[in-house]
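Residue-level listing of the chains:
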Amino acid sequence: MTALLVFVGAAIGAPLRYLTDRVIQSWHMTRFPFGTLAVNVVGSFALGCVAGTSPHLVALLGTGLCGALTTYSTFSFETVRLAEDGAYWQAFANAATSIAAGVAAAALGYALT
Amino acid sequence: MRTDPEDPEPRPDHVHVEPVDPDVSLDVPAQRRELGPAVLAAIALGGGLGGLARYGLSGVIPGPWGFLLINVLGSALIGVLMVLVPRLHPLARPFLGVGVLGGFTTFSTYALDAVHLGASAFVYLFGTLFLALGATFAAMALTRKVFG
Chain A
1 MTALLVFVGA AIGAPLRYLT DRVIQSWHMT RFPFGTLAVN VVGSFALGCV AGTSPHLVAL
61 LGTGLCGALT TYSTFSFETV RLAEDGAYWQ AFANAATSIA AGVAAAALGY ALT
Chain R
114 MRTDPEDPEP RPDHVHVEPV DPDVSLDVPA QRRELGPAVL AAIALGGGLG GLARYGLSGV
174 IPGPWGFLLI NVLGSALIGV LMVLVPRLHP LARPFLGVGV LGGFTTFSTY ALDAVHLGAS
234 AFVYLFGTLF LALGATFAAM ALTRKVFG
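These protein sequence lines are chains A and R, in that order.
Under our numbering, think of the first position of the first sequence as 1, with each following residue one higher.
Under our numbering, think of the first position of the second sequence as 114, with each following residue one higher.
Treat the hints as calculated values from the structure; they're not laboratory data.
We put the beta carbon where it would ideally sit given N, CA and C, even for glycine.
Hints are not guaranteed to be accurate.
[What the hints assert, rightly or not] Covered stretches of chain R (in silico footprint by chain A; criterion: 3 or more residues with CB under 8 Å from a CB of chain A, positions within the stretch not fixed):
| no. | region |
| --- | --- |
| 1 | 154-167 |
| 2 | 207-214 |
[Unchecked claim] Short, incomplete list of chain A residues facing chain R, as computed with Cβ under 8 Å:
| no. | residue |
| --- | --- |
| 3 | V6 |
| 4 | G9 |
| 5 | A14 |
| 6 | P15 |
| 7 | A38 |
| 8 | G48 |
| 9 | P55 |
| 10 | H56 |
| 11 | Y72 |
| 12 | V80 |
So that you can see chain A by itself, here it is in the shape it has in the complex (with noise of 0.2 Å):
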């Protein structure tokens, strides 16, 4: 039952991270990645939010469709795509504020629940 909720959480998380990256990134041209960092940083804020809550409500939302609307991969290959390029202060850039800002996004859902 609970891997079927992670499955169905998940099945619903990547396609949305993945047309509000499209959504964001298409908002401009520059190559800083926006978008992953929108996603990771809400994903982290919802995650807080829904972490004290049933163990259903947390495979389903928690585990599944923040645990998929988020991701490190894509953030890593971002980030390393920006220093191979020598755009060394934006890799810098994205890294600290996904941190931080993600950080305080999980940190101020929990408080707040």
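With chain A fixed as given, assemble chain R onto it according to the hints.
For chain R alone, coordinates are given in the frame of chain A:
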């Protein structure tokens, strides 16, 4: 610039031959056209499977260190995938990159675990970051060397 979608030139100098990010590279004309039901279905299926794999592995190695392993492993695999993507099926990037690896790795648990870790949060946050970036970089370099 780039009025003809079939003509890859001229391009701004920051455009790569490889896609800039696994989710979207809107400045690569070919990638603007990929949105469709097949792509979204591939992402959803891949995301579900990746999420399940993360759930399974986090049961084997519980706690933040299990997620460190998951995120570093996923970051290594995306380095391999993104170098190979131009040779693979058009749905490989949406399915494996955006779906499976995106669903497997997670930023939200990483952030919330750091909130709960207290004093060792810095070690966890920066340990994961350096290992993940190192894993992506090394995997890309190695894959380029092997398949270059």
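Consistency of the hints with the structure:
1. 154-167: holds (count 11)
2. 207-214: holds (count 5)
3. V6: holds, 5 Å
4. G9: holds, 7 Å
5. A14: Nearest chain R Cβ about 2 Å off; hint holds.
6. P15: holds, 5 Å
7. A38: A38(A) check fails; min Cβ-Cβ to chain R is 11 Å, beyond 8 Å.
8. G48: Holds - the Cβ of G48(A) comes within 8 Å of chain R, reaching about 6 Å at its closest.
9. P55: Status violated, d = 13 Å.
10. H56: Nearest chain R Cβ about 14 Å off; hint violated.
11. Y72: Constraint on Y72(A) satisfied, holds at 4 Å.
12. V80: Cβ of V80(A) sits 5 Å from chain R, so the hint holds.
Against the hints set out earlier in the document, violations occur for numbers 7, 9, 10.
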